[in-house]
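Chemist: In the order they appear, the protein sequences are chains Y and S.
Quick note: the first sequence, position 137, residue 137 per the UniProt record's numbering, numbers continuous.
Quick note: the second sequence, position 328, residue 328 per the UniProt record's numbering, numbers continuous.
Note that these hints are calculated values from the structure, not bench results.
We treat Cβ as the ideally placed atom computed from N, Cα and C, and that holds for glycine.
One or more of the hints may lead you astray.
Stated by the list, open to error - Per label pair, the in silico range of CB-to-CB distance: (1) Y:332 <-> S:122: 54 to 60 Å; (2) Y:207 <-> S:158: 52 to 58 Å; (3) Y:70 <-> S:216: 32 to 38 Å; (4) S:65 <-> Y:44: 40 to 46 Å; (5) S:129 <-> Y:77: 19 to 25 Å; (6) S:153 <-> Y:157: 51 to 57 Å; (7) S:122 <-> Y:62: 16 to 22 Å; (8) Y:130 <-> S:125: 32 to 38 Å; (9) S:230 <-> Y:207: 35 to 41 Å; (10) Y:334 <-> S:156: 47 to 53 Å; (11) Y:328 <-> S:122: 29 to 35 Å.
Number of protein chains: 2
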Amino acid sequence: MGNRKREGSDDAVGRPKAGRVRIEDVAERAGVSMKTVSRVLNNEPNVSERTRQRVEAAVETLRYRPLPSARVLAGRRSYLVALLFDNPSANYLMEIEMGVLDACQAQHYNLMLAPLSYGADDLVEKVEALVLQSQLDGVVLTPPITDHVALLRRLEELGIPYASISAKEQNRHVGVVVDEYGAVCELMAHLAALGHQRIGHVMGHAAHGASGWRLAGYREGLRRAGLRYDPALVVEGEFSYESGVAATHRLLDLERPPTAIFAANDDMAAGAICAIGERGLSVPRDVSVCGFDDTPIARQIHPALTTIRQSTRDMGRLAAAELLKDIRELGAGGIVDVPYTLQLRRSTGPVGA
Amino acid sequence: MGNRKREGSDDAVGRPKAGRVRIEDVAERAGVSMKTVSRVLNNEPNVSERTRQRVEAAVETLRYRPLPSARVLAGRRSYLVALLFDNPSANYLMEIEMGVLDACQAQHYNLMLAPLSYGADDLVEKVEALVLQSQLDGVVLTPPITDHVALLRRLEELGIPYASISAKEQNRHVGVVVDEYGAVCELMAHLAALGHQRIGHVMGHAAHGASGWRLAGYREGLRRAGLRYDPALVVEGEFSYESGVAATHRLLDLERPPTAIFAANDDMAAGAICAIGERGLSVPRDVSVCGFDDTPIARQIHPALTTIRQSTRDMGRLAAAELLKDIRELGAGGIVDVPYTLQLRRSTGPVGA
DNA sequence: TTGAAAGCGCTAACAG
DNA sequence: CTGTTAGCGCTTTCAA
């Protein structure tokens, strides 16, 4: 039958790839050719239903799984995608990674990790080498690499599918976006429902994109709740714990201090809780506090923080899923809106409780 | 010359593996056979220095990199290792992962991620499938998987090299260990040098292994500094922020409260700082505080925490390096002691300053 | 709708 | 020290 090995006496020495079931074994068992098995495996057309089922049964009983490297070597696909990142927060990255892994595993793709330096002038070169080198089928980009225009251009020239994970609005690309604006609106509705009428906002550094979206959500949330926007209740921080402490003291120094504070991220919200405590006030009895991101600190502090959970893992999963879709059929991938959820915890409560 | 392709007219259609430089090209350029190039690439013996240099030059100018899948398919090594983990803290895992990646990249190995459930009864089966499936050359184990005896036994039966990342003492295995005991001793010496004579300890949950090592280090540190061990100064927490708050209040309620507190992890130390603040006392003026682990919270709080940095990334890097060593030459891998460093920050200061 | 043969790029075994 | 040959397990022609 043209079987190239495993004939003759099976001496114990040098038995290659111990006990591996090969496509040939499946073919023999199903009474078809290797190629037909291959067709079934790859969902190719031109296989009769009856044949397909016989092959699938053989695959099942033999517990056959194709050897990735053989597929890569023989075919034009590599079943390999890479996650490009430049050292954002570990938690964020880990969540993204898990999500991407979810999607990859579900579709029998492999994931490669590619740490990069956004600032390096050879970034484009590095990625190009990686792509060619490892025969990548596509890449997932995380911020800030999502904004590297030269890289995006090059990837397009090379025809390498890519998906971006980003909070920003995108144009034609494949990837995910998060509606931070809508999320903050919902958070504000929560506070308003608790009876808060004077809600302060500790915004992030003005230069950071997210600060803008979150501030806009704050204002829109007030409007929808029928509350007046008071510029005096908005103070600027810079996303750090200590800037949250300082900003909150400024809010509490007001003649009519707010009864609730929305900080643009969890670190600053944690700082707010600290500052409120330093005044001898209590959270949420005297002042409610909420943050954004649901980083671990949200549960490490006391009281635990009401915040917005962006479901970073979903972002990774959905972005990868779109990428794989785009790989299978060029142009099939699109932009997906990732759901967020309000994490209600003990740091917010009814006004004047 | 037996060149199997790229003869004849290069029509633009279906050009496979666009522009890839193959080992054959290098061989031709260097005027040697493919096999010789292969020898050089794999650091095999029996290559003259002159030949080696010629080959290396050719590799350089052609920017040749071997195609992983071809190596895997042809050889008995896969140049692939996996990191087995069960969802420990994201930061910890990410650091480990980066370290492992460092080592892998340095030796042109690929890394695969394998999320697992320690509790699942099919864990051993899963790992076994993965190993066979992906032809893994070895695996890196992180806690708590390091303690899964059935898995360790199976890996040994299969002859799959593995390295463990663990703080515990190990026997014959390959991996890294951390001298937590010595680290705490050093921390205590730091406090003693600042003049502290009454040093409290908030220990972790007694059932947890690390608690024991850290407590032992506390006692030994006291001894070396010539300070008396007072059981009243040791209170039990359970590694959480809130347990740190509660435990610290107990210490401060003592007739002669400590002037410094060593908490067995950063979360509890952060809780200690909070509790001290609630008493109207200041850190480090009235009480010094230090933690262990150098998790992000150590820098997110105010004052920033003096703590022990375990260099998790080094743990990953060194464990992987030992694994790769062991893969190349069975039995060559060993146990490496990972250095720690004292992170001196603002939460500790001279007594009675 | 199916199959036979010819590689994918590399390394292993065995000669020289 | 170096080269030759025969595959690794799969997909891709291309023919039936």
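Chemist: Next step is simple, just say for each hint if it's right about the structure.
Modeler: Hints, verified against the model:
1. Y:332 <-> S:122: 54 to 60 Å: violated, 35 Å
2. Y:207 <-> S:158: 52 to 58 Å: 54 Å Cβ-Cβ, so the 52 to 58 Å window holds.
3. Y:70 <-> S:216: 32 to 38 Å: Since the Cβ atoms of residue 70 of chain Y and residue 216 of chain S sit about 53 Å apart, the hinted range of 32 to 38 Å is violated.
4. S:65 <-> Y:44: 40 to 46 Å: Once the Cβ atoms are compared, 31 Å apart, the range 40 to 46 Å for residue 44 of chain Y and residue 65 of chain S is violated.
5. S:129 <-> Y:77: 19 to 25 Å: With Cβ atoms ~23 Å apart, the hint holds.
6. S:153 <-> Y:157: 51 to 57 Å: holds, 52 Å
7. S:122 <-> Y:62: 16 to 22 Å: holds, 19 Å
8. Y:130 <-> S:125: 32 to 38 Å: For residue 130 of chain Y and residue 125 of chain S the Cβ distance comes to about 34 Å; the hint holds.
9. S:230 <-> Y:207: 35 to 41 Å: violated, 52 Å
10. Y:334 <-> S:156: 47 to 53 Å: holds, 48 Å
11. Y:328 <-> S:122: 29 to 35 Å: holds, 30 Å
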